[in-house]
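Colleague: With the hints as your guide, set chain B onto chain A.
Chain by chain, the residues run as shown.
2 protein chains.
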Amino acid sequence: MEDDITSEEDPIRGRPKEIPHNEKLLSLKYESLDYDNIENQLFLEEERRMSHMGFRCLEISRWVICGLIGILTGLIACFIDIMVEKLAGCKYQVIKENIEKFTEVGGLSISLILWAVLNCAFVLVGGVMVAFFEPIAAGSGIPQIKCYLNGVKIPRVVRLKTLVVKVFGVICSVAGGLAVGKEGPMIHSGAVVAAGVSQGRSTSLKRDLKVRKNKQNEYEGASFWNQMLTWRIFFASMISTFTLNFFLSIYHGKPGDLSNPGLINFGRFESDSVAYYYYEIPLFMCMGALGGLLGALFNALNYWLTIFRIRYVHRPCLQVMEALLVAAVTAAVSFTMIYFSNDCQPLGPEHNEEYPLQLFCADGEYNSMATAFFNTPERSVRSLFHNQPGSYNPLTLGLFTLTYFFLACWTYGLAVSAGVFIPSLLIGAAWGRLCGILLASFTPTSPVGIWADPGKYALIGAAAQLGGIVRMTLSLTVIMVEATGNVTYGLPIMLVLMIAKIVGDYFEEGLYDIHIKLQSVPFLHWEAPATSHWLTAREVMSSPVTCFNRIEKVGTIVDVLSNTSTNHNGFPVVVQVLDSDEPAKLCGLILRSQLIVLLKHKVFVELARSRLSQRKLQLKDFRDAYPRFPPIQSIHVSQDERECMMDLTEFMNPTPYTVPQDTSLPRVFKLFRALGLRHLVVADDVNRVIGLVTRKDLARYHLGKHGLEELQLAQT
Amino acid sequence: MEDDITSEEDPIRGRPKEIPHNEKLLSLKYESLDYDNIENQLFLEEERRMSHMGFRCLEISRWVICGLIGILTGLIACFIDIMVEKLAGCKYQVIKENIEKFTEVGGLSISLILWAVLNCAFVLVGGVMVAFFEPIAAGSGIPQIKCYLNGVKIPRVVRLKTLVVKVFGVICSVAGGLAVGKEGPMIHSGAVVAAGVSQGRSTSLKRDLKVRKNKQNEYEGASFWNQMLTWRIFFASMISTFTLNFFLSIYHGKPGDLSNPGLINFGRFESDSVAYYYYEIPLFMCMGALGGLLGALFNALNYWLTIFRIRYVHRPCLQVMEALLVAAVTAAVSFTMIYFSNDCQPLGPEHNEEYPLQLFCADGEYNSMATAFFNTPERSVRSLFHNQPGSYNPLTLGLFTLTYFFLACWTYGLAVSAGVFIPSLLIGAAWGRLCGILLASFTPTSPVGIWADPGKYALIGAAAQLGGIVRMTLSLTVIMVEATGNVTYGLPIMLVLMIAKIVGDYFEEGLYDIHIKLQSVPFLHWEAPATSHWLTAREVMSSPVTCFNRIEKVGTIVDVLSNTSTNHNGFPVVVQVLDSDEPAKLCGLILRSQLIVLLKHKVFVELARSRLSQRKLQLKDFRDAYPRFPPIQSIHVSQDERECMMDLTEFMNPTPYTVPQDTSLPRVFKLFRALGLRHLVVADDVNRVIGLVTRKDLARYHLGKHGLEELQLAQT
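Chains as they are written, first to last, in full-length UniProt numbering: chain A, 1 to 716; chain B, 1 to 716.
Extracted from the complex, chain A is given alone in its bound form (with noise of 0.2 Å):
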């Protein structure tokens, strides 16, 4: 359950007051992940000796682990899922109980304070453990998931201490009335169980963990495929959702019962004859309009509150304070809104509101203001999405938008484990009913049933909404369509997604693309800018490259390797034939978590004449030794060792990939992406190592407003 660190503990915490506050930088503190095969001799050699029943054993092995993998997720969601729905559900019958009392004797403020007070203790917890103990457990996790799919080592991402604090993290956050949803960190766990059970069974999987999700199926987010893995992805995906359903129908008293379709359920769709008209498809198009608009907007004043955390609030303790204060706004802002609220709604025989409040309605009425305020996001949604027509005014709704589009979008970016799928949706549930309200009494002479359900427009609100903000096309299309059980929906949401995402990219990024862009990681578009066919590898690539003979001196390699000025983590192994002067050329590549392990074990040439006897190194210590490697300054050498020789030919890749230095940047870009690589050598004419290209280099150029722009590269 631990990240792929190679050498040193990674110097900077993730504190938000190291991230630099300057889009145009490219920080130099994070790695690539290595996805080329290292097909040195010794793995030649195992490969080898395995027959055709072990890669029969090995494939089966695979198999087993996307099950327990799926199993595990299950479990973990369906733990959330139930503690959240208890803990949400205590607080609000005690409060209920409280306005209930308190309504009629007056003195409704103590039932405020009761509310703020029990937000504040749930997030006070939540905060406390993001803030202190695991500060890369904020917010929702798809940001650095999507990193770490595009190839990107994040520290501490995938370890066993960020799943427990991001679990018991976003319990504390939904249960503490934040604006903030539950899905995103599901994810991330998701993801943290994938590569823990993956990595704990051997490096040949490692693989895998790149695109072992949650059932959400981000499918945006993955960069390498292949058709195996798609399917062991659906597996594992499918085995989590079994797992999920099969305790959740235990837990409400159902067992057996499957036909629950996954976590984020919004009730079905059940379709009439007549889902839509086509006439209504332009309206849909505007509200995609609306949504990316908002989206942008929601974006932009995220992004400028984010730069403000990062320069003012970036100590621990003012973190939770400021936790704490949304907590508590969020509860005096509901309180408000309802108490105000004038929105009596009859209670019917048939509501389905889980705390009906009277508060001032006539008996057998409730306030419909609260059913949107006084209750846990997702089910907000569920009722926007269902309730019947004319369960809300729409002054309710517009009020509702406006103070929750805020709230939402102040909460997102505190330092508490929380996401945004779900605020995004109802902000977007909320006006897009309020549209379908007005929609319809605008047009009072059409034909009754057309424009009757708000609840359709509610569902293309929160598509817009969500698809404004994230911009996410088809993993979201699948999402809603699953989420909503209809596929009838699926081109007015795809379309609508589309308009949003369109909209919205005109005026600003998505939300996770501005938080990957604050944090400065080199992240890998799918392709390379279109413009930049003019630059070649020459120009991109670094350069002069610290190089080792194929047989090289102990003392050399350390020494390189001990040098924190440079830090290189892959060096090309060249040789140079005896009694020439021609130049030394390239044979092989070499990774430094490789030659660690060599040092460690002593591999040098006089030692293995002196110790004929000596066991052979074996490809299995390389990967016990993963995914940590100890740091070089642990590795004791002594003075007479350093005089010794090592010959890396069986350890070192004999065949690594190279370009010429004529190749365009879109070409290295292509190589370099769809093979996973992390080190690309530049030769020449005469295979002499002239530069190496990593994947900074590459993601130092992009596309700006004017045009192909550098980014400035930073050790931050």
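No lab work stands behind these hints, which were simulated from the structure alone.
The beta-carbon is built from N, C-alpha and C at its ideal position, and this holds for glycine as well.
It cannot be assumed that every hint is accurate.
Unchecked claim - Output of the computed footprint for chain A on chain B, the stretches with three or more beta carbons under 8 Å from beta carbons of chain A:
1) 44-56
2) 142-156
3) 360-372
4) 401-410
5) 489-496
6) 668-680
Modeller: The following block gives chain B in isolation, referenced to the frame of chain A:
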């Protein structure tokens, strides 16, 4: 609308008689498509001239093309759908009236003859078109499209003529009452439209064509992927679905109702409170295994039948006669089954039989066997899914499964345009429903309502049978969920498909893979065979390689291109350092197609000197020549011109991807596959060309029952 033949018209017209009937062969007649961008000087100059605005326009034009593709595909699908419905409707109406007439007076053999003659008439038209005009339009077209997406150039598969024959052919075969579906041919039609529209525009779009398909979204086929492409595909699918629904809604007299979720629509499974219980899952899994077994049997029978056809039924007139025989037998068998069936069901007030046949049943009853046989296969599937429990008796279903299984197996591979999707679903739905009925009768003590719905088992059986025959999982899950409009069954359907695939793969390959293999197509799988790490590029590559000098004599080029025995398509370009005995170094790669354009435009060094004012050759000249380059024989080069020189520097790809000769097969494979290469140069450590790896070199190795096997290369 033309296939991108490079130079010669392929001499082999794809008639089955020329298909080698040995799956241990690899045909040399198929060439690779080339997805690698040729970044020569012309290209770079064009890119440099192109403004930021230019890229934007290019991007927009791509979206427009996708929209156009979507609309055309939708129109074609709509046309096929309506034509089939009209023609089949007329046919069944005529026969029904005839049967009703002769049931009372006797002489039903006249009805049988009428039925057989009508079927034969339709099939005659379809069969003659396919067998005599365009043999490649036979079958479902999915194997061909799968190869095309894999990067193999299948002659004539995306031509306009193929499209026309395919569309009218499939209408004839479905209306002719054969046990066929129209979905495979529709996918093929979509691919032709996509290829035609995008190639009609510009070469820069050609990679789009790989993955443009009909709505069925056959994920598993495509190999090269990126995010924008995915979006454009979904956009095209969306437009296509919209177009289809729009016109179908007008046709059905309900304009504006877009709630029809797609083309294949088996009616919604309305979920009750409980869709399925977890103890049903083992039952589903058993059904999956049964589907796998039956699928393997189907494939094995079809394999032997195909071998027989290749040997003995290779003349077009024989093929048409076989098709007519099948049509007559289908009618006869159907009639006999209906005639001898005594499964009479009451004709309820809300029956949804299109053509209820009373035959010998009492008044107010209809013959249940006729709902299965006297109907288009798609309607039969729908009635098996949704008819009330008790609509079929077990004997009817058993007999139907048996006869339809053999009919469908005999039909697939006939010289008619016909898919296997719907027949597979129909067979599976029949035995699935049978399972459901038997389960309910064996467990009379179980609570009512659980086993009561045989439609659910029909759905699972259909999935199992289809999975067992075609062996796809992800795409089929999506299709089945879309077609039934219910997400709840996604999980069991996926499980069943996986089990069917695993069980089926144990015995026999998938139907499409069998047909691909029988055509000896050099198909590349996702990964190199697991045990091939000990093979290196040195052993795999073709060698020696015909190279050209950077400045080459025209005569030499013409001679090499005219040599029919080699017929190479890519040539490394080397440079010899003047006055040195150093070996010639690789400096580029040039394609046959480029050389032909250069020869056609007489881009000779001598002429350039004499005619300085001559217009320089531009990238446009190469694009205009695409996709049909004239054969080398048609280019006249005089004896004087043969002595001229050609400077290839500007036109060659100056940075081809290379690998060292020790690179293992899996590494070569990965590079080749990830980048969509056509030629991969193998170079030694001083950059000398020592070999060339092409598709056939990689496809040659495959994992058989006894480890790694090598296929033989054949000219046919």
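Colleague: Against which earlier hints does the structure fall short, listed by number upward?
Modeller: When the structure is compared with the hints, numbers 2, 3 and 4 turn out to be violated.
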